[in-house]
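Participant: Residue numbers (full-length UniProt numbering), protein chains in the order written: chain L, 1 to 244; chain U, 1 to 331.
Watch out, some of these pointers could steer you wrong.
[To be verified] Across the chosen pairs, the derived CB separations fall in these ranges: (1) L/P93 with U/A80: 54 to 62 Å; (2) U/R319 with L/G17: 47 to 55 Å; (3) L/A169 with U/R322: 27 to 35 Å; (4) U/A121 with L/K112: 27 to 35 Å; (5) U/P11 with L/P144: 37 to 45 Å; (6) L/S113 with U/P85: 39 to 47 Å; (7) U/P11 with L/K206: 51 to 59 Å; (8) U/I10 with L/V139: 26 to 34 Å; (9) U/K4 with L/S14: 53 to 61 Å; (10) L/E136 with U/R116: 24 to 32 Å; (11) U/Y6 with L/S96: 19 to 27 Å.
FYI, nobody ran anything at the bench for these hints, they're computed from the structure.
From the three backbone atoms N, C-alpha and C, an ideal C-beta is built for every residue, glycine too.
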Amino acid sequence: MSEELLKLQEISKSFGGIRALKNVSLTISIGERLAIIGPNGAGKTTLFNVINGVYKPDTGRVFFANVDVTDLPAFKRTRMGMARAFQIPRPFPTMSVLDNVMVSALFAGKFKSVGEARERADEVLELVGLANKKHELAVNLTSPEKKLLELARALAPKPKLLLLDEIVAGIPPAEVDRIMLLVRNVSEKENIAVVALVEHVMRVLKYVERVIFLHEGRVLMDDKPEKVLSSETVKNIYLGRIYD
Amino acid sequence: MDFKKYYPLIPMFIISVILLAVRLAAPELSQIVSLALFYVALGEAFNIFTGLTLYVCFGYVAFVALGMYGSGLALKYILATSNPPLVTTILFSFAVAGFFAFILALVVGSIGLRLRGAFFAIATVGLSEGLKNFIEGTGIWGGSSGLIIAGDLISSYGHETYVFVSTELADYLMFAVYVLSLLVMFLITKSRFGYGLTALKEDEDVANVMGVNTVRYKLMTFVISAALAGMIGATKMLKDLVIYPPQAFAISYTVEAIVITMLGGLGTVTGPVIGGLVYSILKYMLTVSFPGLQLLILAPVLIAVCVLFPYGIVGWVKRRFRGTLIDYLLV
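Whenever a hint applies, use it, and build me the whole structure from the sequences.
Facilitator: Structure, rendered in C-alpha cells:
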C-alpha cells in the first residue's frame, strides 16, 4: 500500500441553495496520477478550490501530507507542496517568461536565492519546451504557450501534488500528447501526484492510472480508467451511447 | 560569486562621479547642482515605494518635512545639552530624521496598505495637510513661526563652520543620500524581495497565491522609502537652516517626485537619476529665462513627455534596445 498524500474527509460545500459538493471523500497517494471527470457543473472546479484553499468546505476536513490543512490559506498550502495550474492562465504579463517561473520557485518553493531559482527556472522551462522563449514577455506568448508557462510555474517549486485544471483545453491534439507525456514523465521522475480535471477524458486517458467520476457533487465512480469508462452509469450520464 | 549582476552599477557610478566632479570643479554651478542632487535623491527615494509597487502616496512630502523637523529638533536638542563634534551632531540628526519618517510610514502603512491601489492614494491625500495644520494649530515645534537652527549652529561651531555646513557639506550629504537610495533600490531589484515586489506590482492576487506576503512587502518598501525621504529632509534642513510648515509641506514636492520618476522611468533604478537631472535643469533654465512662467511652460512639456514616453526615458531606451548590452547595463 503506497503512502497517502491527500485525504478529503466528507467534504460538503454549498453556494446559497446549490450543493456543489456532497460528502466527497477520497484519498490520493504519493506519485499517483488520476483524472477527475464529469459534466459541466459536476463540482470539479469547486473540489479543486477546496483542495488548494481558495474555498473552505462547509463540513469535512482536508489533510495534506498528514497535516490538517482545512483552515490554512492558499499561499501556505502552496508552500507545503501543492501546485495548481489554472484553467485560464494568469501570468505576470510584463515580466519575462523566466522571471515568471522564478517568482514561483522563489516564493512557493524552497529556492531561497535568486541564483538557485534561476537555475531551477531554466531547468523547468527546458522541460516544458519554453526555453527558447524565456526572455519574451509573458504577454506576448500564444495561448498554448501560456498554458505551458502555467505548467512551468506550477512545477518550479518541486511540488508533491500537481493540480491541473483543464490543462489541455484549447490545445491542439498533437500538443495534448506532448504535454501529457511530459506531465507523466515528471510525475514519475519526481514522484509527484497529479490530479487532472478534464471534461474530455479521452484526451488524457492513457496517461492516468485512475479516474474519478463526479456527478452533481457526488463521487459516482472511482476506479481504473477502463472500468469507469465501461460502466453503464457513466455511459448514460456522461459519455453518451456513441462509445458503445 | 556572480559579479556580472553588478555590472549595471558601472553607468550609475559614472553618472554619479560626473555629478560630484561638476560640484567640486565648478562652484559657480553649485546652485543648479544642489537643486539637481535634491531632485535626483527625492525621485529615487520616491521610486523605491511607488516604482516598485505602483502605489502612490499623495502625502509623500510629509516624510521629507518630518525629516526636516526631526533633524532640526535633534540638532537643537544635542547642541543645547552638550557640545559634541560636528560629525556626531550631523549623524544624530540624520538618525532622528530617518526614524521620524520611518515611524510615520509604519503607522500610516500598517493601516493604509491594506487598501488597494487608488484607495491607498486617496487615503494618503490628507496626510501632509493634516500634519501641517496640526503643527500650525497646536504650535508645537515652533508652530507657524517655524524652526530655525542657524543660531544654534553659529553659537556652537562658529560662523565659518556654519557657512561651510549650509553651502558645502549639505550638498555632499545630499550626494551621499542619493547614492544610498540608488544602492538600496539596485539591491532590492536584484534580490528575492525585488522579485516578490515585481510580482505584486503585476498581479497582487496571483503573487499572494504564489506565497508572497503582499501586505508585508508593501509596508517594507514604504518604510524604507520614507526613511530615505526623511534623510533628504535632514539634508535640506542643513541647507535651508530654517523650516516653515507651508513650505515644508508643499504638495509641489510630491508632484515633482511623481513627475521625475515618470519622466525617467517608473520602477527603473536609473530612471529617477535621469528624470531628476532633466527636470532640475529644465526648471532652472525656465526660471532664469521666464521667471514666474516656468510652471506654466513646464506643465505642457511634461505632459508631452509622459504621452510620448509612457515608460519614461530609461524605459523607452530599454524597450528600443531590448536584449542588447544597453538594455542589460541600464537597469
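Participant: Hints numbered earlier in the text: which of these fail when held up against the supplied structure?
Facilitator: none
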